[in-house]
Amino acid sequence: MRREIPLAITFVVGMTILMSYFFAGTIPGTAWNLKNLAGDITGWGVLVSAFAVLLASVNLVRIHGAAISRKRKGWYNSGILIATMVAFALVGILRKHNPANTGINDLFQNMFNNVLSPLGAAMFALLAFYIASASYRAFRARSLEASILLAAAVLVMLGRAPIGELMWGQFPVISKWLLDIPNMAGQRAIMIGAAIGGFATSMRILLGLERGHLGGE
Amino acid sequence: MTAIAGTKFLLWTIIVCGAIIVGVVQLSKSGKRIPKIRRIAGLDSIEEAIGRATEMGRPVHFTPGLSDVTAETAPQTFAALEILSYVTGLTAKYNTELIVTIRIPNVFPLAQEIVRQGYLAAGKADMFKEDTVRFLSSEQFAYAAGVMGIFHREKVASNIMMGAFWAESLLFAEAGAQIGAIQVAGTAAMAQIPFFVAACDYTLIGEELFAGGAYLSQDKVKLGSIAGQDLVKFTVMSFIVIGTLMSTWGNSALIEFMKK
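Those protein sequence lines, which keep their order, are chains A and B. If you use this note's numbering, the first sequence corresponds to residues 1 to 217, in order. If you use this note's numbering, the second sequence corresponds to residues 1 to 260, in order.
Read the hints as simulated data drawn from the structure, not as lab findings. Note that this is a predicted model, so its numbers are computed, not measured. Any given hint could turn out to be false.
With a Cα cut of at most 30 Å, we get these calculated BS3-like pairs of lysine-lysine [as the list claims (entries may be wrong)]:
1. Lys73/A to Lys259/B
2. Lys233/B to Lys73/A
3. Lys35/A to Lys36/B
4. Lys8/B to Lys155/B
5. Lys93/B to Lys259/B
6. Lys129/B to Lys73/A
7. Lys71/A to Lys259/B
8. Lys8/B to Lys32/B
9. Lys129/B to Lys29/B
10. Lys36/B to Lys129/B
11. Lys35/A to Lys32/B
12. Lys260/B to Lys35/A
13. Lys233/B to Lys29/B
14. Lys220/B to Lys124/B
15. Lys32/B to Lys233/B
16. Lys220/B to Lys260/B
17. Lys220/B to Lys36/B
18. Lys129/B to Lys155/B
19. Lys259/B to Lys220/B
20. Lys220/B to Lys32/B
21. Lys124/B to Lys155/B
22. Lys233/B to Lys220/B
23. Lys176/A to Lys124/B
24. Lys71/A to Lys233/B
25. Lys8/B to Lys36/B
26. Lys260/B to Lys93/B
27. Lys155/B to Lys29/B
28. Lys155/B to Lys93/B
29. Lys259/B to Lys8/B
30. Lys71/A to Lys129/B
Looking from chain A toward chain B, a few residues come up when the C-beta cut is under 7 Å (computed) [unchecked claim]:
31. Ala138
32. Ile181
33. Gly198
Even glycine gets a Cβ: it sits at the ideal position worked out from N, Cα and C.
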């Protein structure tokens, strides 16, 4: 029963949501409207997610709480994490319950705009450097495939950069051809394969053929 | 109950494709036709990656990607969780520490249960610790920072990244490369595949990720569904060729049929 109940719930919920995309009106023999039912199920999903957030937050607090109490290396970082989490949660809850209070609204906005956003942007900015270092490793002509990759990359870069067109007017044409024909064909093949793979995986889960996510198999 | 206009073709596609997959699964289940999957280097390398971590006495890191189990990218997460099950079994076998980091709260209890059950099945329940499966943050870049921090602090020897990824894919892959970790990645996220190919030792491209569970377990049912998937792919390819030829000759009958 430990497996059968989750599998039955998956099938019923999945089929209801799926059918609501194709059919409208009430389910024959019942007074249940398919769209409303799908909407209700989506709402229950939000509730389940809220509990999952709670579970995840407890895990976070327990791991970092243990780091602080055992004074592990860098324990103060764990302290900052928990303090920030509590502060954000408190301000968020207060804001939700006092929508007219401009002070709390401003504090929440300031925390978001001046703490979270810049930190996220800083992480994102690292990508520029990482692209350079990854390209350096990938474009070393160690094999035939890597050499083809290197040649294609150089041609595309020359075609995209203004200096390339100044050097030779055909670079943008070659670059466009590489992107539109071989690259697009490869991308589409991967996309179609992945879409069908995703569909087959969904079918397996819906029909209970794939149970790995339930653990122990 | 009435059918919604413009969805008839899609509904029948799902029914036919579903029937093909279920039919081949039944054939495989009965033992009449057990399919074989070609060698997938990326999946074979998982054992090598865990073996290396065992030799070095350092942990293995696993992430099931950044997608929820309710999003359109959910199949990638489920495929990643299947691979997590296999990774847990191997780490239990070799007594190697496993660190699973999670971004999506909904995925957290699933991953925790998979790892706990995996250790239990291997008779090593004591290997499961509070911090084996770690929820880091639901914020994309906060999660990325957390993972990169773990790489450097805990000096992971192997990094396995499976599932749906976005801009953080290269952050993970480069941070892993910096510490000299052997890296195996797999995703169907088109824009991230080049980053993984460039920065990782092995990459599962697109549908290879979805074949992971079947390939690693060699389960007849799962192998059957992969063979069914290939038949569906063949059918889709036939439609593409026929549709292209018909459109080239000015016949739009297939396009109109698909719009129904």
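Consistency of the hints with the structure:
no.: 1; hint: Lys73/A to Lys259/B; verdict: violated, 62 Å
no.: 2; hint: Lys233/B to Lys73/A; verdict: violated, 52 Å
no.: 3; hint: Lys35/A to Lys36/B; verdict: violated, 42 Å
no.: 4; hint: Lys8/B to Lys155/B; verdict: violated, 54 Å
no.: 5; hint: Lys93/B to Lys259/B; verdict: violated, 53 Å
no.: 6; hint: Lys129/B to Lys73/A; verdict: holds, 19 Å
no.: 7; hint: Lys71/A to Lys259/B; verdict: violated, 64 Å
no.: 8; hint: Lys8/B to Lys32/B; verdict: violated, 34 Å
no.: 9; hint: Lys129/B to Lys29/B; verdict: violated, 37 Å
no.: 10; hint: Lys36/B to Lys129/B; verdict: violated, 37 Å
no.: 11; hint: Lys35/A to Lys32/B; verdict: violated, 42 Å
no.: 12; hint: Lys260/B to Lys35/A; verdict: holds, 21 Å
no.: 13; hint: Lys233/B to Lys29/B; verdict: holds, 21 Å
no.: 14; hint: Lys220/B to Lys124/B; verdict: holds, 27 Å
no.: 15; hint: Lys32/B to Lys233/B; verdict: holds, 22 Å
no.: 16; hint: Lys220/B to Lys260/B; verdict: violated, 36 Å
no.: 17; hint: Lys220/B to Lys36/B; verdict: holds, 10 Å
no.: 18; hint: Lys129/B to Lys155/B; verdict: holds, 18 Å
no.: 19; hint: Lys259/B to Lys220/B; verdict: violated, 37 Å
no.: 20; hint: Lys220/B to Lys32/B; verdict: holds, 11 Å
no.: 21; hint: Lys124/B to Lys155/B; verdict: holds, 24 Å
no.: 22; hint: Lys233/B to Lys220/B; verdict: holds, 20 Å
no.: 23; hint: Lys176/A to Lys124/B; verdict: violated, 56 Å
no.: 24; hint: Lys71/A to Lys233/B; verdict: violated, 56 Å
no.: 25; hint: Lys8/B to Lys36/B; verdict: violated, 34 Å
no.: 26; hint: Lys260/B to Lys93/B; verdict: violated, 53 Å
no.: 27; hint: Lys155/B to Lys29/B; verdict: violated, 43 Å
no.: 28; hint: Lys155/B to Lys93/B; verdict: holds, 21 Å
no.: 29; hint: Lys259/B to Lys8/B; verdict: holds, 8 Å
no.: 30; hint: Lys71/A to Lys129/B; verdict: holds, 18 Å
no.: 31; hint: Ala138; verdict: holds, 4 Å
no.: 32; hint: Ile181; verdict: violated, 15 Å
no.: 33; hint: Gly198; verdict: holds, 4 Å
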